[in-house]
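Keeping the supplied structure of chain A fixed, place chain B upon it in accordance with the hints.
One line per chain: the protein sequences are A and B, in this order.
So for the first sequence, the working numbering puts the first residue at 206; every next one is plus one.
So for the second sequence, the working numbering puts the first residue at 2; every next one is plus one.
Please note that the accuracy of each hint is not assured.
Mimicking PhoX-like on lysine-lysine, the simulated pairs with C-alpha atoms at most 20 Å apart in a straight line are [unchecked claim]:
1) K199/B / K91/B
2) K199/B / K220/A
3) K91/B / K220/A
4) K91/B / K29/B
Reference excerpt, derived from the structure (chain B facing chain A, CB under 7 Å, subset only) [unchecked claim]:
5) N17
6) T80
7) A86
8) F87
Derived from the structure by calculation, the hints contain no laboratory data.
We treat Cβ as the ideally placed atom computed from N, Cα and C, and that holds for glycine.
Given next are the chains, with one letter for each unit.
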Amino acid sequence: MNYFSVLITLLRDRKDFIDEVRQGTRLNSKITSLLISSSILFAIYGAVIGAFAGPLQALSSAVKLPALYLITLIICLPTLYFFNIIFGSKLTLRQHFVVLLGAAAIISILLFSFAPVTLFFLATIDNYQFFKLLNVIIFGITGFLGINFLYHGLQALSHQDSPGQATRTQILQSWLILYAFVGSQLGWTLRPFFGAPGQPFELFRDMQGNFYLNVIQSIVEVLGLR
Amino acid sequence: MNYFTVLITLLRDRENFVQEIHHQARLKTKITALLISSSIFLAIYGGIIGAFASPLQVFASAIKLPALYLITLIICLPTLYFFNAFFGSKQTIGQNLALLLTAISITAVLLFSFAPVTLFFLITIRNYQFFILLNVLIFALTGFIGISYLYQIMRPESEQLELASVPLMEHQAEHDFVVVDADQKPKKSHKNLAPEVKTRTNILRFWLGLYAFVGCQLAWTLRPFFGAPGQAFELFRPREGNFYLSVIQSLIEILMN
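Extracted from the complex, chain B is given alone in its bound form:
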């Protein structure tokens, strides 16, 4: 149960947790704990969305959902690491992994917190389309929160601030009422940032794009997660084209007609 204490520490005191990662304190324990606990949470939520179709689908989705998040992470990690190193980051690949896992764990916990709601609607409303729409909303919301948190902790400013341990109090006092808007706070207070820091922020944005790109395609490959009603169980659907092509094709169809 040690794994969950790490996760609870993360949820309670995120600033401290990220700071520990920046200082490489007990990195391996953190990575293992986050990996295991987020897999479990994602598996639980996957099991619930699979329960819409059949017991077999429950098992399939319980494996597929953690796989979706973690494989995407592994695929995209080297790109982030080498590009950041190219623009002057001193972080190791372990630190990068830990930071990314932090964001995924937050997404997983949030998804888990929606599990009773999803389960409730699953039992009371037997409507496939409604269930899918509800889940699109939930995944979008939790994904957005996880990604914006990732963006905050991965920004090079945060790395430098943590390492230099600059007294942050003055800035916080100045911008006391815009604490939520953490995105703009450091930009205002550090106008003379090195151009490399700006580049690395851009790299992070580019990487988030790549992450979404890979994630969409992987999700497309791993379908079905829900299992359409009236269809027999299938582990994977036959591969028909790819996500982007089908999006472009449906756009063209809409525009042409």
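Same shape as in the complex, but just chain A:
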């Protein structure tokens, strides 16, 4: 239960969390607890969305959802770190890692808070497109809040008025775009998370189409325009 208390502290007092990261206090224990608790919460939400299709899908989504967030994070971490180092940041790799993990943890706990709502609509509405759109909205809101924390957290950390601050802000902004880009592509690659109705269980789908086109198609179908 200690792991979750770190998570709630992070959620409530983000400023204190950032301060502790700046001073480098107990970074290792923070990494462990954030990693474990966010994986568990992601796995719970993954299981809920996978339950739409069946128990097998629930199991595979419970593994895939934590993997999605954490792999994206690890893929993009070196880019951010080295670019920041080049432009005069004094933060260590581990400090970067903790802040990124913190953002993922915030997303996980907010997703978890939507789990009852998702479960309810799963139980009452048997509509694949509606369920998918609902989840796009939920993932959108939670992702936005997590990224928001990441942005302000890293800004606050690098705020020792060293030269190159303006450049580092720009780096951070372009990095966020890279992060979203990698994340949505990875999300697309790891499909299916929901499992389309009437299809047998499959671990991964053939690669085809793209994320944004699919969202537009869902909207069109739900509104009954086609």
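Frame of chain A, contents of chain B only:
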């Protein structure tokens, strides 16, 4: 009968009651009492609207109506709690639950107070459509009062004012004649509110939207509450689509023709 004294305390002295919740005084007693008494009131009103169709429907509706309000509450509670915590609220989940139950209890008491009226029309006018319209009005009115009360007590300003025990008297004297308009009073008097407080007010609005969203769908799932005339008793109707789809579809039908 201790439960009803808690409820009467709530009705008589709401400010004090909310303040006690903010200070976490006897939270568990309050939650239990509100839960039980609001369930009973809602069950009574549910029984009355079910009485339109048949005795079996009375039982079904008496269980369904409390379930509708309380399940919606439980489904939406975690979202509110975690989002508020994210934006700096210090409230525990128990306090959140107690505040939400307060609003539901007020709705329940108001519904209960309409019970004789509904019963009277049920006996004197045997018209299904009229009865439904009457109840739409009653549910809308009581729901609106409950929700606006919830909005007032859940706003972060109220939490901060209560905890800091800022002397409110001056403001009240200034705005003596707009007491009803409590919504705008603190906004005017605290212009330098932290941006987080504004965000939390927005979260509360967003959450009320979510609450309505879930509530509509749950009500759709739990149908029938009234039981249409000339139909045999059924516990639940076969699930046909969902609330929003049917609303959108009927809108499209109206617009297309």
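Hints and how they fare:
Distance restraint check for K199/B and K91/B: the Cα-Cα separation of roughly 16 Å lies within the 20 Å cut-off, and the hinted pair is therefore satisfied. A distance of roughly 18 Å separates the Cα atoms of K199/B and K220/A; the hinted pair therefore holds under the 20 Å criterion. For the proposed pair K91/B and K220/A, the alpha carbon gap of about 15 Å is at most 20 Å, so the pair holds. Among the hinted pairs, K91/B with K29/B is consistent with the structure: their alpha-carbon atoms are about 18 Å apart, no more than 20 Å.
For the restraint placing N17/B at the interface with chain A, the shortest Cβ-Cβ distance is roughly 28 Å, beyond the 7 Å limit, so the hint is violated. Taking 7 Å as the C-beta cut-off, the interface hint given for T80/B holds, the closest approach to chain A being about 5 Å. Using the Cβ-Cβ criterion of 7 Å, the hint placing A86/B at the interface with chain A is satisfied: the shortest such distance is roughly 5 Å. Using the Cβ-Cβ criterion of 7 Å, the hint placing F87/B at the interface with chain A is satisfied: the shortest such distance is roughly 5 Å.
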